[in-house]
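So the chains spell out like this:
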Amino acid sequence: MEAAADIAEAAPPARGARFWRRLRRNRLSFAALWVLAAIALAALLAPWVAPFDPNLPDPEAPLAPPGWRHLLGTDLYGRDQLSRIIHAGRVNLLIAGGATLGALVLGAVLGAVAGYRGGWLDQVVMRATDSIMAFPAFVLAMGITAAIGNSLLNVAIAIGVTQVPSYVRLVRGEMLRVREMEYAEAARTVGNPDRRIVLVHLLPNCIPPLIVQATLAMGYAILTLAALSYLGLGIRPPQSEWGQMTAEGASEIVTGAWWLFLFPGLAIVVTVLAFNLLGDALRDLLDPRMRGL
Amino acid sequence: MSIVLRVERLVRHFPLRGPAAWAARWRGAPPPAVRAVDGVSFAIAEGETLGLVGESGCGKSTVARCVLRLLDPTSGRIEFEGEDLAALRGDALRRRRERLQMVFQDPTASLNPRLSVRDMVEEPLRLHTRLAPRERQARVAEVLEEVGLGRELMDRYPHELSGGQRQRANIARAIATRPRLVVLDEPTSALDVSLRSRVILLLERLRERHALSYLFISHDLATVKYLAQRVAVMYLGSVVEEAPTTELFARPLHPYTRALIAAVPVPDPEARRERLVLSGEIPSPIAPRRGCPLRGRCPLEREACAAEPPLREVAPGHRVACHLV
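Protein sequence lines correspond, in order, to chains A and B. Mapping of the first sequence onto the working numbering: position 172 corresponds to residue 172, and the numbering continues sequentially without gaps. Mapping of the second sequence onto the working numbering: position 215 corresponds to residue 215, and the numbering continues sequentially without gaps.
It should be emphasised that the hints constitute simulated quantities derived from the structure, not laboratory data. Owing to the predicted nature of the structure, the values given are computational and were not obtained by experimental measurement. Each hint should be verified, as a subset may be incorrect.
So the derived label-pair ranges between C-beta atoms look like this [as the list claims (entries may be wrong)]:
{"id": "1", "chain 1": "B", "residue 1": "Pro283", "chain 2": "A", "residue 2": "Gly118", "range": "28 to 36 Å"}
{"id": "2", "chain 1": "A", "residue 1": "Ala146", "chain 2": "B", "residue 2": "Trp22", "range": "47 to 55 Å"}
{"id": "3", "chain 1": "A", "residue 1": "Arg21", "chain 2": "B", "residue 2": "Ala23", "range": "54 to 62 Å"}
All C-beta atoms, glycine included, are put in the ideal place defined by N, C-alpha and C.
Please work from the sequences and hints to get the whole structure.
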């Protein structure tokens, strides 16, 4: 239709394009973004990317140091370590991503309701949040996995629970701000039900700090997961995960097989660092006071 | 002419919290409150514009927010199309909003930054009508054209619009469902002077075309004079004078109204005018009031002013709350 063409022509300058340009200018965080993309892609396509089957022993090369055949060496049974790290990355990203997403959704809903409604509901939610925050996050995660067992799902739940409070607080604070905006009143005047005011009009205006928080939380989730597994409270063999591989490698250190704990450990460090760098950069970019710089 | 909105003895107090309230309870005194609106009554006929004027802080916006039930009135009746809005809640109230809309003062703050003009104007139609998507789009285009926003602006976001365009978008949202009454809360005070007159003309044209009624809230007497058929003057939470516009400007009776009108700048240095000047400042709306609200500021004060003056009809359609008239 003619009218449709008119509208397309007059399309506003994309907000996304400007954002992208500013992100690119920050070299370090842009590199972090690429590193994360590579890690995610490798995890996603693990069966095709990994040079070997991660569980297939190479009888000719047990405990082989890094070399041309096995780039990152092999373990006690001759399993290729690079392939194992790539496959283990799936577990890491899946659990960290699932925990973060779950905590984000739950925290956003609780925080939005508490902030919008206020009153006793707010009190109940915030006091529950406070009591979760009273525990050191890692100790709480340990306690939860110890109590409910350590399947993939349970570990994700344990990590997620420790993260929920930060989202609740963040979203509640943002809701207290946006619900006083005139457009919140306008939305009510037009005849929106409360649910729609919160979901359509208010929550989307709270998103930028949430993105930052979620990015930083991803790093934390990976670290927590690794630490839990290192202590044997997280993922257990035969499934593997970076922290648990590091733990295994550490017990081999007396044999001189340094590559067995160094490389999984490096995988953790690089991933966590990349998430933190990206989160910091996003925080700077999304801060309204930094606009136009 | 049929009455669209009738407000009767509307009261809205904002109770104070904290030490002052505890102290009052300790003494057994009535709980302290900001008496923002203290017994306001008025009516608006179909197709009529009632101007509600007064200084900042006199309670005009609180009246507007009570009429729309953005605030719950402390007491009083808000009769809209024969039904008491003050008694409605939940879905029943929400459905009335199809017929009762508002244009806010700040055209920027009252637009959700994440909704395009199209989404924003479409929303009330989505909520209140059973129009098919195609019909809705047609109505959106029609309404935008009515307020003078071109099609090319339909998919813009608020930050991509100028101030005048933003206020037009606000007006479009308010009239999309073809309401009967639109509350205009200082719709032009955030605009610069050149835009002001255009928005006023637009509002006037829309009123004529759709037989809208306006409750026009302003502190700008010049726009009120142009737009309103009747004017109510508010001071410290109550209406002190109400009259047809020409009557009010030609023959203001209440000392406060006279002072307001005398304060309007006139672009003629030769003009001789009555000068009635009030002394002092608006008293605190927290202090319990005895007698005339203007007591202590009025140069014409008598002993009779210690008693609260009733709002009396002194000429057809002209009501004043003053002992001296």
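Structure-based check of each hint:
{"no.": "1", "hint": "B/Pro283 - A/Gly118: 28 to 36 Å", "verdict": "holds (32 Å)"}
{"no.": "2", "hint": "A/Ala146 - B/Trp22: 47 to 55 Å", "verdict": "holds (49 Å)"}
{"no.": "3", "hint": "A/Arg21 - B/Ala23: 54 to 62 Å", "verdict": "holds (59 Å)"}
Hint violations for this structure: none, all hints satisfied.
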